[in-house]
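Construct all of the structure, not just a fragment, from the sequences and the given hints.
Line by line, the protein sequences give chains A and B. Using our numbering, the letters of the first sequence correspond one by one to residues 1 to 188. Using our numbering, the letters of the second sequence correspond one by one to residues 189 to 757.
Quick caveat, the hints were computed from the structure, so don't treat them as lab data. In this text, all values refer to a predicted model and were calculated from it rather than measured experimentally. Where is the CB? At the ideal position from N, CA and C, for every residue including glycine. A few of these clues could be false.
Derived DSS-like pairs: lysine-lysine, alpha-carbon spacing no greater than 30 Å straight-line [unchecked claim]:
1) B:Lys535 <-> B:Lys476
2) A:Lys66 <-> B:Lys483
3) B:Lys496 <-> B:Lys476
4) A:Lys66 <-> B:Lys587
5) A:Lys66 <-> B:Lys496
6) B:Lys535 <-> B:Lys587
7) B:Lys206 <-> B:Lys319
8) A:Lys66 <-> B:Lys535
To list a few chain A residues with every Cβ distance to chain B over 10 Å, as calculated [to be verified]:
9) Lys66
10) Glu136
11) Arg151
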Amino acid sequence: MVRTFIVYVADHPGVLNRVSSLFRRRGYNIESLTVGHTHLPEISRMTVVVAIDAQGAPLVEANLYKLPEVLHVHDISSVPSLHRELVIVKVAASQDVRPEVMRVVEAFRARVLEVATESLVIEATGSEDVIDSLIEGVRPYGILEMTRTGRVAMTRGSAPVFAPGQVPPKGAAPFWNSGHLTVLRNCS
Amino acid sequence: MRTGAQILWECLIGEGVKHVFGYPGGAILPAYDALCGYPEIHHVLVRHEQGATHMADGYARAGGGVGVAMATSGPGATNMVTGIATAMMDSSPIVCITGQVGSKFLGTDAFQETDITGITLPITKHNYLVKRAEDVAPTLRAAFQLARSGRPGPVLVDITKDAQQSSCEFDRSAYIPMALTEGKQNFDADQYATAIDMINASERPVILAGHGVLLSNAMDELREFAERASIPIAMTLLGIGGFPASHPLNLGMMGMHGEAWVNHAIQEADLLLAFGMRFDDRVTGTLKTYAPHAKKIHVEIDPAEINKNVRVDIALLGDVRQVLTRLIPDLAREDRQRWLHYIDELKGDSAVRDIQKLPDSGHLYAAHVIHDLWRETNGNSIVVTDVGQHQMWEAQYYKHEQPRSLITSGGLGTMGFALPAAIGAKFARPEAEIWVIAGDGGFQMTMAELATAAQEELDLNIAVINNGYLGMVRQWQEFFYDRRYSATPLLSPDFAKLAEAFGLLGITARSRNQVAPAIREARQRRGTALINFMVEQEDSVFPMVPSGAALHQMIRRPSPLVETAASEA
Ligand SMILES: Cc1ncc(C[n+]2csc(CCOP(=O)(O)OP(=O)(O)O)c2C)c(N)n1
Ligand SMILES: [Mg+2]
Numbered sequence: 001m002v003r004t005f006i007v008y009v010a011d012h013p014g015v016l017n018r019v020s021s022l023f024r025r026r027g028y029n030i031e032s033l034t035v036g037h038t039h040l041p042e043i044s045r046m047t048v049v050v051a052i053d054a055q056g057a058p059l060v061e062a063n064l065y066k067l068p069e070v071l072h073v074h075d076i077s078s079v080p081s082l083h084r085e086l087v088i089v090k091v092a093a094s095q096d097v098r099p100e101v102m103r104v105v106e107a108f109r110a111r112v113l114e115v116a117t118e119s120l121v122i123e124a125t126g127s128e129d130v131i132d133s134l135i136e137g138v139r140p141y142g143i144l145e146m147t148r149t150g151r152v153a154m155t156r157g158s159a160p161v162f163a164p165g166q167v168p169p170k171g172a173a174p175f176w177n178s179g180h181l182t183v184l185r186n187c188s
Numbered sequence: 189m190r191t192g193a194q195i196l197w198e199c200l201i202g203e204g205v206k207h208v209f210g211y212p213g214g215a216i217l218p219a220y221d222a223l224c225g226y227p228e229i230h231h232v233l234v235r236h237e238q239g240a241t242h243m244a245d246g247y248a249r250a251g252g253g254v255g256v257a258m259a260t261s262g263p264g265a266t267n268m269v270t271g272i273a274t275a276m277m278d279s280s281p282i283v284c285i286t287g288q289v290g291s292k293f294l295g296t297d298a299f300q301e302t303d304i305t306g307i308t309l310p311i312t313k314h315n316y317l318v319k320r321a322e323d324v325a326p327t328l329r330a331a332f333q334l335a336r337s338g339r340p341g342p343v344l345v346d347i348t349k350d351a352q353q354s355s356c357e358f359d360r361s362a363y364i365p366m367a368l369t370e371g372k373q374n375f376d377a378d379q380y381a382t383a384i385d386m387i388n389a390s391e392r393p394v395i396l397a398g399h400g401v402l403l404s405n406a407m408d409e410l411r412e413f414a415e416r417a418s419i420p421i422a423m424t425l426l427g428i429g430g431f432p433a434s435h436p437l438n439l440g441m442m443g444m445h446g447e448a449w450v451n452h453a454i455q456e457a458d459l460l461l462a463f464g465m466r467f468d469d470r471v472t473g474t475l476k477t478y479a480p481h482a483k484k485i486h487v488e489i490d491p492a493e494i495n496k497n498v499r500v501d502i503a504l505l506g507d508v509r510q511v512l513t514r515l516i517p518d519l520a521r522e523d524r525q526r527w528l529h530y531i532d533e534l535k536g537d538s539a540v541r542d543i544q545k546l547p548d549s550g551h552l553y554a555a556h557v558i559h560d561l562w563r564e565t566n567g568n569s570i571v572v573t574d575v576g577q578h579q580m581w582e583a584q585y586y587k588h589e590q591p592r593s594l595i596t597s598g599g600l601g602t603m604g605f606a607l608p609a610a611i612g613a614k615f616a617r618p619e620a621e622i623w624v625i626a627g628d629g630g631f632q633m634t635m636a637e638l639a640t641a642a643q644e645e646l647d648l649n650i651a652v653i654n655n656g657y658l659g660m661v662r663q664w665q666e667f668f669y670d671r672r673y674s675a676t677p678l679l680s681p682d683f684a685k686l687a688e689a690f691g692l693l694g695i696t697a698r699s700r701n702q703v704a705p706a707i708r709e710a711r712q713r714r715g716t717a718l719i720n721f722m723v724e725q726e727d728s729v730f731p732m733v734p735s736g737a738a739l740h741q742m743i744r745r746p747s748p749l750v751e752t753a754a755s756e757a
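Right, dumping it as structure tokens:
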């Protein structure tokens with residue numbers, strides 16, 4: 001069973017290392033982990049997909065909260081939410097099969113990023129299932145290279161998971177109170 | 189204007205630090221140079237940085253404050269690793285300060301550069317790399333707060349040499365330590381009501397008291413709770429001292445080397461009340477058969493411990509003391525006669541096998557040494573143990589009445605812990621009598637700290653339980669590896685002479701009638717005294733739950749032992 005966690009972290013050097021080290025030493029299996037900036041200054045957001053059952057999920061959350069730079073954790077596995085992944089795939093596509101490949105591209109609402117003499121570079125976003133199907137659709141023609149981003153996720157509805165001004169409901173010491181950080185000045 | 193090094197010391201003073209255990213070197217030199225300007229700080233020069241961390245740890249455990257250890261970069265910092273991991277496993281609040289190469293050299297493999305924040309990442313609550321003088325004060329404030337807050341633990345602050353040397357504005361008088369943060373709590377009324385119903389309805393409840401009782405100062409509340417509802421208490425190794433040994437409701441230590449009646453009571457209980465303990469494998473035996481009839485209520489400050497090893501029915505998150513305070517008023521007064529009487533019957537059966545009942549046959553048993561030490565000190569000493577058989581005998585035979593009177597490495601089981609931790613404890617509690625109980629193996633791991641004790645003119649007492657073996661490992665080899673004593677026989681120096689070489693008193697005791705006189709001589713002596721107790725070599729710790737076995741499947745004290753000893757007498 002995989003579960004999806006949204007994790008807000010202070011945008012400090014080494015935070016990704018701390019999070020991944022935690023998952024490693026507790027033996028949690030990461031299916032995918034993506035991280036990037038948010039609209040909040042100095043706060044990054046991770047989407048972590050972990051192979052774990054419902055009993056183990058609260059422990060993942062509690063352990064994440066032990067890291068002082070983790071500001072907010074939300075297990076969205078049972079919350080209606082949007083999941084997206086991006087794939088870029090380079091497909092062998094000589095002139096004779098190219099129209100067939102293009103039909104696959106259209107069927108999946110994918111985009112062509114580059115047209116070369118013997119290949120096409122295709123980009124698509126969608127849920128993992130859709131991406132999986134796209135890949136199976138082009139595999140017969142020969143995949144030369146491929147990269148997937150892993151899942152990014154957002155809950156449905158207008159309430160944000162974590163908003164400026166919200167006091168993070170966490171157990172660990174609020175590291176950001178120390179004053180030397182501008183992190184979360186907006187939110188604390 | 190102040191240099192980062194000056195700010196460092198002024199922050200420590202602001203945090204109430206009086207003693208720092210450390211060892212200098214290139215990258216921490218500016219800090220050591222600035223130390224000359226702060227006579228209010230007493231710096232204890234250790235002989236190995238591992239010793240500094242154990243001293244800080246012992247200081248914290250004995251006194252309840254934060255211990256501070258200091259070291260240089262590279263090898264100085266890496267020598268701290270064992271002590272940091274020890275403090276992490278046992279939730280001991282220490283702050284470790286390390287020098288680091290200049291910020292311009294970071295990442296270049298400069299002389300004595302090591303990534304100590306990377307190395308200690310999994311064994312600290314958090315760590316910081318400070319590269320500017322401006323960040324020294326806020327980082328230290330946060331470090332001390334974090335070390336003490338919630339579930340305590342070690343924090344490391346790595347400060348580059350240039351951050352120590354450069355200057356910035358700092359107002360020393362404005363420094364105030366940060367208030368502790370409240371841990372996550374759930375004072376959910378329904379949960380509390382259910383918990384109370386479960387407790388009041390239970391017929392065979394047992395309290396499992398852990399280190400959290402001591403860390404939250406919940407001794408009085410625990411006692412009130414237990415007495416009001418007549419619930420017997422089993423102790424974890426680190427919980428010992430949280431409830432007086434002489435109290436009729438105190439069953440003693442549970443787990444791998446717990447007495448039979450304690451483990452049987454747990455296995456037969458209908459309700460377990462776990463207070464500030466974490467169901468370590470050394471106390472549960474195999475989880476498949478652990479307390480099969482018991483509902484479980486877990487009172488714990490660390491949410492990551494809930495349902496980690498044992499699934500519980502109710503979790504009351506928060507400081508043990510606060511939670512107990514809320515529960516006590518609704519607790520029904522009960523006498524639970526049948527249950528307590530039943531446990532007493534279990535006890536009777538085990539007591540006849542007790543090694544204490546052995547007549548003096550000329551053999552010196554470690555259990556006798558510890559029993560006599562308990563009698564001679566009226567149970568009022570702080571005892572700091574090392575790791576091994578002697579540690580378990582201490583836990584079984586020294587009856588601790590006071591909190592913070594047993595200091596031992598439980599979670600990590602770090603050999604070499606005792607002597608340095610005792611040195612730290614002595615600085616926290618200078619008025620207290622302190623005994624080190626160490627094995628011949630573990631003592632040799634950190635015995636260089638005898639020089640520290642001598643240099644500091646400390647009044648410590650050291651009992652080396654000398655069995656000529658890495659005894660606990662030998663015991664496992666005897667029981668589970670067909671008596672193949674691979675790499676466990678151990679040659680040692682003459683420990684009494686060794687003590688003398690440091691200018692300390694050294695005594696050797698070989699028979700039971702020499703034990704009490706030796707203890708008296710050591711106690712009378714001002715300054716550190718060491719007694720080398722030459723004990724029975726192939727003695728084993730009983731009872732024992734083999735690892736992987738059920739908690740009630742103990743290897744019991746062999747009755748033949750009683751017969752043998754009796755026939756010899
Ligand atoms: C640093 C370290 N290394 C190895 C061990 C494994 N170990 C546990 S107990 C023990 C034997 C301890 O021997 P000794 O200090 O003589 O004490 P005794 O058991 O004989 O009382 C060993 C080697 C350990 N706990 N710590
Ligand atoms: Mg030994």
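We went through each hint and held it up to the structure:
1. B:Lys535 <-> B:Lys476: The given pair, whose Cα atoms are some 25 Å apart, holds under the 30 Å limit.
2. A:Lys66 <-> B:Lys483: Status holds; Cα separation ~28 Å.
3. B:Lys496 <-> B:Lys476: holds (14 Å)
4. A:Lys66 <-> B:Lys587: violated (36 Å)
5. A:Lys66 <-> B:Lys496: holds (15 Å)
6. B:Lys535 <-> B:Lys587: Holds, because 17 Å separates the two Cα atoms, which is no more than 30 Å.
7. B:Lys206 <-> B:Lys319: Within the cut-off at roughly 26 Å; holds.
8. A:Lys66 <-> B:Lys535: violated (42 Å)
9. Lys66: Given a closest Cβ separation of 6 Å, the condition is violated.
10. Glu136: Since the minimum Cβ distance to chain B is about 40 Å, Glu136 of chain A lies beyond 10 Å and the statement holds.
11. Arg151: holds (25 Å)
Checked against the numbered hints given earlier, this structure breaks hints 4, 8 and 9; the rest are met.
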